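Work out the full structure: start from the sequences and follow the hints.
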Amino acid sequence: MLSAPTPLADNHDLELFQCGTDNLDQWLRRRARINQVSGASRTYVVTEGVRVVGYYCLSSGGLDLAEAPGGIRRNMPDPVPMVVLGRLAADASWQGKGLGAALLQDAVLRTGHAATILGIRGIFVHAISAEAKAFYEHYGFSASPKNPMTLVLSLKAR
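Quick note: the sequence shown uses my numbering, first residue 17, plus one each step.
FYI, nobody ran anything at the bench for these hints, they're computed from the structure.
None of these values were measured; they are calculated from a predicted model.
Hints may be right or wrong, so weigh each one.
Said to hold, decoys possible - Think about it this way: if two alpha-carbon atoms lie no more than 30 Å apart in a straight line, the pair counts; the simulated BS3-like pairs of lysine-lysine are: (1) 149 <-> 162; (2) 149 <-> 113; (3) 172 <-> 149; (4) 172 <-> 162.
Quick look at the structure:
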């Protein structure tokens, strides 16, 4: 049985995680805890027991006004205050079972909660592949007019 997404903790086992994209696997093992402690990003994990089978990370950031889709730009400063979805991955054994969508939904919900106390216009991600881009577009993200691999989701309508 899978856990709900929770903040990365010392007892979580990262070593067996394999999503099929080496840089996502390595980031989880080498950087996630360091970034968590330093405050650079927050990583949320789904586990089976203590074994991590899915994760995403969030950090604060800004998106250049010129990179933002039209609906995001209106009345916004430059850069537009955003949450950065830095990484999202599901272990190969859980791919195609809805875990990625559940992780994304949790990330958007947490961003929405943060937006109740901070100025946040939306969430953006730099897709690492055409497949990842299609995934985010399927869930309502819009491509940047300047960089089609940068995808943005507005919180305004949420």
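So, going through the hints one by one against the coordinates:
About 15 Å separates the Cα atoms of residue 149 and residue 162, which keeps this hinted pair within 30 Å; it holds. As the CA atoms of residue 149 and residue 113 are separated by approximately 18 Å, the hinted pair is consistent with the 30 Å bound. Pair hint residue 172 plus residue 149 holds up; C-alpha atoms about 22 Å apart against a cutoff of 30 Å. At most 30 Å may separate the alpha-carbon atoms for a hinted pair to count; residue 172 and residue 162 meet this at roughly 21 Å.
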